[in-house]
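A.B. asks: Okay, here's what each chain looks like letter by letter:
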Amino acid sequence: MANFIKKLYPAYIPAGGARGDRAFSERSPSPFWVMVRKEFGDHIRSWRFVILLAIVVLACAGSLYASISALKDGQSANAASGEGGSSFLFLRMFTETDGSLPGFLTFLSFLAPLIGIALGFDSVNTERNKGTLSRLLSQPLYRDDFLNAKFVAGLLLIAVVVFSLGFLVMGMGLLTIGFPPTPEEFWRVVFMLLITVVYVGLWLNLSLLFSVRFRQAATSALSGIALWIFFLVFYGMIVSLVGNATSPADTAAASAVIRHQDLMMLLSRLSPAYLFQEAASTLMLPDTRTLNPFITQDQAYLAVNAPLSFGQSLLLVWPQVVAIVAETTLSFAAAYVAFMRQEIRSRS
Amino acid sequence: MNKTGFKKGLSLVMTLLTALGLTALYAPAPASAAGTAKLYTPYVSLSAAPGESISYDVDLINDADAIQTAGLSYQAPGQGWKTDLTAGGHPVSEIAVKPKETQTVSLSVLVPFEVAKGSYALQLNAGAFGSLSLKINVTEQGTYKTELSAEQPNMEGHSDSTFTYNLTLANRTASKQQYALTAEPPAGWDARFSSGGNNVTAVDIEPNATSSITLTLTPSEQAAAETYKIPVHAANSSTSASVTMEAVITGTYGIDFSTSNQVLSANVTAGGTRTLELQVKNSGTAELTNVNLTNTAPTDWEVTFEPKTIPSIKAGESVPVTATIRSSDKSLSGDYVVGLTAQSAEKSADAAIRMTVKTSVLWGWIGVLIILVVLAGVYWLFRKYGRR
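From first to last, the protein sequence lines stand for chains G and E.
So my numbering is basically just the index in the first sequence, starting at one, shifted up by 16.
So my numbering is basically just the index in the second sequence, starting at one, shifted up by 123.
Only chain E is shown next, with the shape it has when bound in the complex:
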């Protein structure tokens, strides 16, 4: 039923009632007769959930010729049922109605959280107007508790990303509560709660209010690729709530490539070879497969790796590699750059080695030999001519 239809129905009933009243008016009846002043509300039986507020508009109808005054009182269904009676925005306890007119009072009832499922009766007494019995069906078992919920409890990311969960903490108790917030992340993880932009460890929440809390999880750098469950608690001495977050770490790929002693320069004689001890390290959290070792070397240089391909490197492990660099015999003396690359499908790393080419000392010694031969020749001349 739409609203317009509802209103139409209401006005129909009113018209009927007015007609009735008019009939009563013409009938010779005592002014204070019960039939001339009535209480009316359309929904006498309503269903509500615990914590819900129900509002009734109660009409006080005076069909009599005189002003009717009545004290208003009500009988709540039980303890904890917060009931208000207002008219014109103010609490009202007595009301007067002009002849042939109607006044409306508003009766609102807050169904308590702690309530059993069942049917409850609310009695409104209005003196000369009689009394009105209202029925409230509590549809579910009421609670007295705290609720902690997350919009999206499952998140996925790399180990170097942060996980941000939006939590909602609802205080479904009758009193103001202070909650201590705790999370139980795995070792090495960092969990931080924030509310309203500030980092917090506890929040105050009014009864029946909610608070938005942000949980920021920073995984450990070494977090392996798997699903982590992080229980989150909001608790105090009287009430508590828990929810479990899920962080799914997809592994990161990282590769480090360097020499064993981290020295990135070496000497080589022109045309000679130099062996370098290298290490390929998996610095990520996922396994690397098929790591190929390639190089960018000056022309006519040869770089061979042993092994040439590494089938797999587990996270955190490193594999030693021997690179044999043979320089070209036409190389100039001085520095060259030899680029070594460890490349897997996922990630690659470079190591630029500065190779200092040294000229072979052999020709130096031959030069010395030549000088010695010449000096020997001069000595021979001395012997031959000089000292006769």
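Bound conformation, chain G alone:
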């Protein structure tokens, strides 16, 4: 990090030396963007990131292979049975799988949080322990620029990774199935990737919070991973456990069953991972008309089995999107408050 601070100097120490700091900073990049750029570069060059990226890319390539082979089988089966199964073929590339590997979306929802955790868990506490934090903050810059830069650089990197992965899948799919996406399909994929970025941003913010809160990087990483495992693995189990325990008797009225189911859905949706899965899979599956597990006979009567338009699908998952965005923002706010209220000493 000392290297980084040296890089900061030219921004503040003018070559001529005569002019003031303020006058100079108006012409050169602000310290915030210098920090963002530096942070971004550090991330990209780190081994940690390369390893993570390799894992994610491998997983996505594998899932793409699985989905394409599933699509080929499905298409030939459809052709044999005389059905035109070509609707939203491009989107099915992201969700369908032949069973050997989970689909792209499942992999993304499982592995993408790891990127966020890996990028953020040691961002503050390591600098603090090395003493570079106090040196950095002795420079003429706002104190919150430090945390903001960490967040923005992380989010930018996540966006780059997620979008390149998404477009990689689109491109490889285009190459393999030779079937161009319709504009609607394209926008669905783009919006799904945007949601993914925000969702991974949530994990980045959480790990930032942990890195502010815990002095030891290992503790911070562990708490991030624990939370990740909790939400992705155990939370569903806990909800189904609670559901089984509180489920109404078989003889209960339909309204009681529905009320119980609604409660279970509410519990599930407390998990950001579940929210993300709902939002992303609904965008990828235009045939989804409701997120409720129950459709009443009244609602299904005379309904035509037809896909929703992009706008309607988006409206359907809009609460989920809002929740993810709000959770991301709130977790950032929490990290921000925690960081700003901390005392920063020269070397503790």
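It should be emphasised that the hints constitute simulated quantities derived from the structure, not laboratory data.
Predicted, not measured: the structure shown is a model, and the values here were computed from it.
Just to be clear, a hint being listed does not mean it is correct.
[As the list claims (entries may be wrong)] Once the Cα atoms are required to be at most 20 Å apart in a straight line, the calculated SDA-like pairs of lysine to any residue come out as: (1) E:Lys453 x G:Ala272; (2) E:Lys453 x G:Gln328; (3) E:Lys453 x G:Asn308; (4) E:Lys507 x G:Ile360; (5) E:Lys453 x G:Ala319; (6) E:Lys453 x G:Asp278.
[Said to hold, decoys possible] Restraint ranges, calculated between C-beta atoms of paired labels, are given here: (7) G:Leu283 x E:Val460: 32 to 38 Å; (8) E:Ala499 x G:Arg61: 33 to 39 Å; (9) E:Trp488 x G:Phe179: 26 to 32 Å.
Just so it is clear, CB atoms sit at the ideal spot from N, CA and C, and this is done for glycine as well.
Since chain G is already given, all that's left is putting chain E on it; use the hints.
C.D. replies: Frame of chain G, contents of chain E only:
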């Protein structure tokens, strides 16, 4: 009198005659005496209609001992009377009869068409046998004309059915005729003549022959319910005949039901209403009465029609109907089918409207508001902690 009785009578007369002849034979008489060779036919006076053919069997009786030979000739009653004298299937002009025997010649007369009513005499001369005067009463005024008749000139059907009339065209003239066939159907109708399976516009008919002609009428689709008279002519420069066909159209019932702009899909927000401009059209030719408008809508949807019942729609006219569709607020977003039916006692028509239910955007904006509130909170944090 039956046939057997007739024959009995005939043989009785013959026996009598033979007896007479025998008596004459024993009597000393000259061979060529008039009493020994006679002409005989039973029906000397017959009635016939114009165009009818009469055939006489004339017996030449030779009571003499020698062969009698006689030239045969006849005198027709007038011009146009076609007379034939045959024996053994051949025309004969001279005949020989053995002694004590009888020969029969056949005299046939065709009464011409163009003949006045009255009595006509036909004279058969047979030399030594004497002559025979035959009387023919023409019972009615003869004609020289063409006859066109139909078995069943009146037919009934819908405007979308075809009418097939069987006509008989008879040439009651003395010469071969070619007839041009024409029909005068109302405008928009199609008339077609066919003979022997082919469509024809003219037919050739030999004298005194008939031809079967089929007239196929295809009414106009818009033919109103009434009785139509269609004159049919078979004519050429010298003769013509006409007959009038009747086609009774009972009206068809047809109803069309669709939106004014023929678009069968619409959007509606969940819980919202949508007004559709519909049209009920009477596409038949008969009036429709009491057209009720009903619907098959998803549960908790409401469809109201204005007007709910149309008392009557005249043929070809259409009546605008406004349907107000209110969707249930529990509807899922996506497509539903709303079936609208216009039903009269006679006929009904359906219009299936594909309603796309859209979620209300209100909650979308509330979501945006929530995000803005959160962002404002973060901004407030920036102000509070960041830039001191």
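A.B. asks: Confirm or reject each hint.
C.D. replies: For each hint, the structure was consulted:
no. : hint                            : result
1   : E:Lys453 x G:Ala272             : holds (18 Å)
2   : E:Lys453 x G:Gln328             : holds (15 Å)
3   : E:Lys453 x G:Asn308             : holds (12 Å)
4   : E:Lys507 x G:Ile360             : holds (18 Å)
5   : E:Lys453 x G:Ala319             : holds (12 Å)
6   : E:Lys453 x G:Asp278             : holds (15 Å)
7   : G:Leu283 x E:Val460: 32 to 38 Å : holds (36 Å)
8   : E:Ala499 x G:Arg61: 33 to 39 Å  : holds (37 Å)
9   : E:Trp488 x G:Phe179: 26 to 32 Å : holds (28 Å)
Comparing the model with each earlier hint shows no violations; every hint is respected.
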